[in-house]
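Asker: All chains, full assembly: derive it from the sequences and hints.
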Amino acid sequence: SQKIEQNSEALNIQEGKTATLTCNYTNYSPAYLQWYRQDPGRGPVFLLLIRENEKEKRKERLKVTFDTTLKQSLFHITASQPADSATYLCALDDDYKLSFGAGTTVTVRA
Amino acid sequence: GAVVSQHPSRVICKSGTSVKIECRSLDFQATTMFWYRQFPKKSLMLMATSNEGSKATYEQGVEKDKFLINHASLTLSTLTVTSAHPEDSSFYICSARDRRGGWDTQYFGPGTRLTVL
Chain W
1297 SQKIEQNSEA LNIQEGKTAT LTCNYTNYSP AYLQWYRQDP GRGPVFLLLI RENEKEKRKE
1357 RLKVTFDTTL KQSLFHITAS QPADSATYLC ALDDDYKLSF GAGTTVTVRA
Chain F
196 GAVVSQHPSR VICKSGTSVK IECRSLDFQA TTMFWYRQFP KKSLMLMATS NEGSKATYEQ
256 GVEKDKFLIN HASLTLSTLT VTSAHPEDSS FYICSARDRR GGWDTQYFGP GTRLTVL
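Chains W and F, in that order, give the protein sequences.
For the first sequence, position 38 matches number 1334 in this note's numbering, and the numbering has no gaps at all.
For the second sequence, position 60 matches number 255 in this note's numbering, and the numbering has no gaps at all.
Since the hints were derived computationally from the structure, they do not count as laboratory data.
Every residue, glycine too, gets a C-beta built ideally from N, C-alpha and C.
It is possible that part of the hints are untrue.
A partial selection of chain F residues facing chain W, derived with a Cβ cut-off under 7 Å [said to hold, decoys possible]:
id, residue
1, Ser-238
2, Leu-239
3, Gln-301
Answerer: In structure tokens, the structure reads:
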């Protein structure tokens, strides 16, 4: 099964800056990779899906890249706001199911 | 997106009792649902895959007699924690698989906080 590593447990940034989160995997490159947001005491919320043949995907202030050579995905939050504070999880297909990283908790200071 | 509900959101029970948690997909039919468990500051741990009309598939180390799963319809899966003990206290989250876009996306319920006294 896949081993997924997200760069750090916590990321603190100033409002307005760009937060960059890293997701690395170890085995075969998945057909697609997903990012989710999870707030405390809540279930994860789907944000973005990027396919293996896509280099970049954008949704409003979010941008995701997927590099199958590096076995890495980067998740960017531009012009960050305090409301973006949450834990962000990457997930990729692993056999018939999704495997999740441990998540990176982002705190945006006003 | 899609909406998945989970009930109850919070439950406190005495040791030895059984607790049932419901997971419903509200606006799409889900032949497959998943049950996860999450400990504080840890990632989601898949417990089992629930398939409509057939037996659930449990992950290694998860006791199928302890965690009973029933997926009786295309919109409802239930997880019953039988003879609950304090070590079963956790945050349980369900998700429903959506393949309508041609890709495997999961939509999650809001979670159930179980506390066993």
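Asker: Work down the list of hints and note, for each, if the structure agrees.
Answerer: Checked hints:
no.: 1; hint: Ser-238; in the structure: 4 Å, holds
no.: 2; hint: Leu-239; in the structure: 5 Å, holds
no.: 3; hint: Gln-301; in the structure: 6 Å, holds
Violation of the numbered hints given earlier is absent; every hint is satisfied by the structure.
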